[in-house]
Amino acid sequence: MRGRYDEESPRFALAVLPDTQYPFDADSSDPDPLRETFHYLVSERAEANIAFVTHLGDITEHGTEQEITLAADTFRTIHGKVPYSVLAGNHDIDGQGGPAAASA
Numbered sequence: 687m688r689g690r691y692d693e694e695s696p697r698f699a700l701a702v703l704p705d706t707q708y709p710f711d712a713d714s715s716d717p718d719p720l721r722e723t724f725h726y727l728v729s730e731r732a733e734a735n736i737a738f739v740t741h742l743g744d745i746t747e748h749g750t751e752q753e754i755t756l757a758a759d760t761f762r763t764i765h766g767k768v769p770y771s772v773l774a775g776n777h778d779i780d781g782q783g784g785p786a787a788a789s790a
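When we follow our numbering, the leftmost residue of the sequence shown carries the number 687, and every step to the right adds one.
Bear in mind the hints are in silico, worked out from the structure with no lab data behind them.
You may find that some hints are simply not true.
Per label pair, the in silico range of CB-to-CB distance [unchecked claim]: (1) Glu733 x Ser771: 30 to 40 Å; (2) Asp713 x Asn735: 36 to 46 Å; (3) Ser695 x Asp780: 11 to 21 Å; (4) Ala732 x Ala712: 31 to 41 Å; (5) Asp716 x Leu742: 17 to 27 Å; (6) Val702 x Arg762: 29 to 39 Å; (7) Leu742 x Asp780: 15 to 25 Å; (8) Arg762 x Glu693: 35 to 45 Å; (9) Ala699 x Gln752: 27 to 37 Å.
We put the beta carbon where it would ideally sit given N, CA and C, even for glycine.
Go ahead and model the full structure; you've got the sequences and the hints to work with.
Encoded structure:
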């Protein structure tokens, strides 16, 4: 079935995304390249047998509410289509371990 991961296959792929903060930088945001990457992962999920997408942190540049909102909107491209996880990085949290947007 198109767009589905084949659980029976012994071969599968994991997509790993590190450091996407620059497309969400409030001063020069352009999430289109990442959105296109997500469209590619969705369209190639069955062919490449993509089981999971993981983000390794630093989603945003400053962790502001505006950047987080833009990132969330971009991640909706894969939401419900490819399982994924997102890890907060040092750009995404304040020095106290909370969301950076809380201290902005």
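- prompt: Which numbered hints turn out to be false for this structure?
  reply: Hints 1, 3, 6 and 8 not satisfied by this model.
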